[in-house]
Amino acid sequence: MGAAQGAHTAVYLSVVPGFGAAIVIGGRLFRGAGGIAGELGHVSVRDDGDICVCGCRGCLTIVRRNGPGLVEDIATALGRPLTLDEVISLAAEGDVPVRRWLTDLGRTMAHPLTGFVTMLNPDLLVVDSALGPAAEPLVDGLRDTLERRTTPMVHQGLDVRPGRLTTTAISTGAAVLAAQRYVERLVSGRTPLSPRLR
Numbered sequence: 031m032g033a034a035q036g037a038h039t040a041v042y043l044s045v046v047p048g049f050g051a052a053i054v055i056g057g058r059l060f061r062g063a064g065g066i067a068g069e070l071g072h073v074s075v076r077d078d079g080d081i082c083v084c085g086c087r088g089c090l091t092i093v094r095r096n097g098p099g100l101v102e103d104i105a106t107a108l109g110r111p112l113t114l115d116e117v118i119s120l121a122a123e124g125d126v127p128v129r130r131w132l133t134d135l136g137r138t139m140a141h142p143l144t145g146f147v148t149m150l151n152p153d154l155l156v157v158d159s160a161l162g163p164a165a166e167p168l169v170d171g172l173r174d175t176l177e178r179r180t181t182p183m184v185h186q187g188l189d190v191r192p193g194r195l196t197t198t199a200i201s202t203g204a205a206v207l208a209a210q211r212y213v214e215r216l217v218s219g220r221t222p223l224s225p226r227l228r
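Counting in the working numbering, the sequence shown runs from 31 upward without gaps.
These are calculated hints, taken from the structure and not from any lab test.
Quick caveat: nothing in here was measured; it's all calculated off a predicted structure.
In this text, a Cβ means the ideal position worked out from N, Cα and C, and glycines have one as well.
Incorrect hints may appear among the rest.
[Stated by the list, open to error] Estimated spans, in silico, between C-beta atoms of each pair:
#1 V93 <-> G124: 33 to 39 Å
#2 F60 <-> R110: 30 to 36 Å
#3 R194 <-> S119: 16 to 22 Å
#4 E177 <-> D115: 28 to 34 Å
#5 H38 <-> E116: 36 to 42 Å
#6 F60 <-> G187: 15 to 21 Å
#7 N151 <-> R110: 31 to 37 Å
#8 G48 <-> G187: 24 to 30 Å
#9 R87 <-> N151: 25 to 31 Å
#10 R191 <-> G99: 23 to 29 Å
I would like the entire structure built from these sequences, with the hints used as guidance.
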């Protein structure tokens, strides 16, 4: 589905509304032991960073704000108020300061991902489709840093690209996951089939 179709091990990176990663292995969402696999926002990227609400120091979500905070930070850097739609439009138009800021964000996000992609060895990283054209400079920053900080065995087989599902990515993924779980329960006999379907 979307940009990840056909990939064996894919990671979807969310920026809006928050930093996170959905890990899909063999077509199945990997949740981890406690259901929090992919909690990218609370990976420490600066030992000397501020204390986060989670209790750790220098989390990605503190060093680089996401969602509305991300837009505010870009607006502050440019010295004028902006909306997410305006950031996306400016990036699409080739606005150099906006694209540079997004490329730097991609480089910052790549730091906690270097160990992650080395251990997991995914074939695909998909960057938040809600960013539209603004995902392209972020992808450039991610790709550049991952190529410099991982071995050729890791990054030469890794495709980093923007998502294609725009604002429907999360809801589409949730619907597919719910349908998948329902079918699993039907097959295992844990969910009775509706009399109308018998």
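Violated hints, by number in ascending order, as checked against the structure: When the structure is compared with the hints, numbers 1, 2 and 7 turn out to be violated.
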